[in-house]
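Colleague: For the sequence shown, the numbering used here begins at 3 and goes up steadily by one.
For the record, the hints were derived by calculation from the structure and aren't laboratory data. Mixed in with the good hints, there may be bad ones.
Unchecked claim - Listed next, with one range per pair, are the computed distances between beta-carbon atoms:
#  : residue 1 : residue 2 : range
1  : D69       : V113      : 16 to 26 Å
2  : Q75       : T266      : 31 to 41 Å
3  : K247      : E105      : 21 to 31 Å
4  : Q75       : D101      : 28 to 38 Å
5  : L139      : D101      : 35 to 45 Å
6  : L139      : L64       : 41 to 51 Å
7  : L64       : T210      : 35 to 45 Å
8  : D182      : V204      : 34 to 44 Å
9  : L111      : D52       : 47 to 57 Å
10 : K267      : E214      : 54 to 64 Å
11 : T46       : D188      : 21 to 31 Å
12 : I174      : A67       : 16 to 26 Å
13 : K110      : N215      : 38 to 48 Å
14 : K87       : N44       : 18 to 28 Å
To be verified - Each computed DSS-like pair below joins lysine-lysine, with the alpha-carbon atoms no more than 25 Å apart:
#  : residue 1 : residue 2
15 : K270      : K213
16 : K84       : K110
17 : K207      : K247
18 : K254      : K267
19 : K19       : K37
20 : K19       : K68
21 : K142      : K207
22 : K207      : K87
23 : K37       : K68
24 : K110      : K19
25 : K37       : K23
26 : K232      : K19
27 : K270      : K232
28 : K68       : K23
29 : K23       : K87
30 : K87       : K37
31 : K267      : K232
32 : K247      : K232
33 : K270      : K207
34 : K254      : K232
35 : K68       : K142
36 : K142      : K37
37 : K23       : K110
38 : K110      : K142
39 : K247      : K270
40 : K213      : K247
Each residue gets a CB set at the ideal place from its N, CA and C atoms; glycine is no exception.
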Amino acid sequence: MNNEQLLVFPNEILCRKGARKISEIPNEVIELLQKGQLQTVNLTEWLAVDHVILFQNVLNELALAKDSSPAIQRLRDLSEQKVMKIIPAIAREWQVLLDCQSEVDSSKLYVALSQHHSDSVRCWAAYIIGQHQQMSLYDKLVSIRPFAADSHFGVREIAWMALREETINNVIESIQYLLDWVVDEDANIRRFAIELTRPQGVWAKHITVLKENPSIARPLIQSVISDPEKYVQDSVSNWLNDASKTNPEWVKQICEQWLNVSDTKETKRIVTRAQRSLVK
């Protein structure tokens with residue numbers, strides 16, 4: 003990135019653990035996050051970022067600040083400023099800006115966003131893919147893959163959220179495409195496939211079809227019944243826990259079947275966590 007020379011900070015900033023409360027985040031850290039020069043290190047910092055201020059700063063960085071006032075005002079006028087509303091809104095503003103550029107310049111700008119040092123900016127880039135009207139589901143999955151494998155937790159979460167609506171509208175097709183993802187060597191990719199299809203999920207719309215008939219996704223979750231990574235195990239068990247809220251007997255049967263074919267500690271952990279809502 004062309005802003006790498008800016009990213010030289012004291013160790014106490016680079017190696018910080020992150021505050022537990024937004025009010026406890028040092029002003030210097032907030033300022034660097036808003037400038038896009040620092041990555042967030044925990045959920046508290048991630049939620050503390052003012053995306054509109056960051057948007058203004060990134061526009062300046064990319065020499066796009068001219069005539070940006072209407073876009074900024076539209077963002078400020080949004081009735082809801084929560085992060086899961088503002089990120090898609092900023093992605094829409096970026097799409098408008100990209101559409102006004104030549105194909106070459108648009109491509110360069112998108113690359114700058116998708117490879118930006120700021121995790122928040124990369125979140126915008128992921129949502130640009132998710133909201134693209136001309137891209138097929140397959141092309142969106144191909145394009146979202148780097149974000150699904152991103153080193154930052156926030157970008158990985160936003161990656162599946164960005165494709166949630168597309169998945170809801172194309173459940174069967176999504177599952178078919180994701181069958182290759184759940185056997186990928188990258189745990190982040192495997193986890194993405196599971197999170198994307200969770201019947202209820204977190205901070206996302208429910209997938210009614212899978213709430214009513216979770217067996218549709220059985221080929222997908224079956225591939226990770228003994229995944230070696232806890233990051234993936236947690237996702238699988240959460241998937242089943244979601245399903246247990248509408249189809250408890252199905253989940254009980256699946257868990258029993260999995261234990262019969264796999265006696266690994268990984269499977270036992272998944273099954274135990276999957277049934278936590280059933281054990282009262």
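Colleague: All hints are to be evaluated individually against the structure, with a verdict given for each.
Modeller: Hint check:
no., hint, result
1, D69 to V113: 16 to 26 Å, "holds (22 Å)"
2, Q75 to T266: 31 to 41 Å, "violated (56 Å)"
3, K247 to E105: 21 to 31 Å, "violated (47 Å)"
4, Q75 to D101: 28 to 38 Å, "violated (19 Å)"
5, L139 to D101: 35 to 45 Å, "violated (21 Å)"
6, L139 to L64: 41 to 51 Å, "violated (29 Å)"
7, L64 to T210: 35 to 45 Å, "holds (40 Å)"
8, D182 to V204: 34 to 44 Å, "violated (25 Å)"
9, L111 to D52: 47 to 57 Å, "violated (22 Å)"
10, K267 to E214: 54 to 64 Å, "violated (32 Å)"
11, T46 to D188: 21 to 31 Å, "holds (27 Å)"
12, I174 to A67: 16 to 26 Å, "violated (45 Å)"
13, K110 to N215: 38 to 48 Å, "holds (45 Å)"
14, K87 to N44: 18 to 28 Å, "holds (21 Å)"
15, K270 to K213, "holds (24 Å)"
16, K84 to K110, "violated (29 Å)"
17, K207 to K247, "holds (15 Å)"
18, K254 to K267, "holds (18 Å)"
19, K19 to K37, "holds (20 Å)"
20, K19 to K68, "violated (37 Å)"
21, K142 to K207, "holds (19 Å)"
22, K207 to K87, "holds (13 Å)"
23, K37 to K68, "holds (18 Å)"
24, K110 to K19, "violated (34 Å)"
25, K37 to K23, "holds (20 Å)"
26, K232 to K19, "holds (22 Å)"
27, K270 to K232, "holds (12 Å)"
28, K68 to K23, "violated (36 Å)"
29, K23 to K87, "holds (21 Å)"
30, K87 to K37, "holds (20 Å)"
31, K267 to K232, "holds (11 Å)"
32, K247 to K232, "holds (23 Å)"
33, K270 to K207, "violated (29 Å)"
34, K254 to K232, "holds (21 Å)"
35, K68 to K142, "violated (30 Å)"
36, K142 to K37, "violated (29 Å)"
37, K23 to K110, "violated (37 Å)"
38, K110 to K142, "holds (18 Å)"
39, K247 to K270, "holds (20 Å)"
40, K213 to K247, "holds (8 Å)"
Violation of the numbered hints given earlier is confined to hints 2, 3, 4, 5, 6, 8, 9, 10, 12, 16, 20, 24, 28, 33, 35, 36, 37; the remaining hints are satisfied by the structure.
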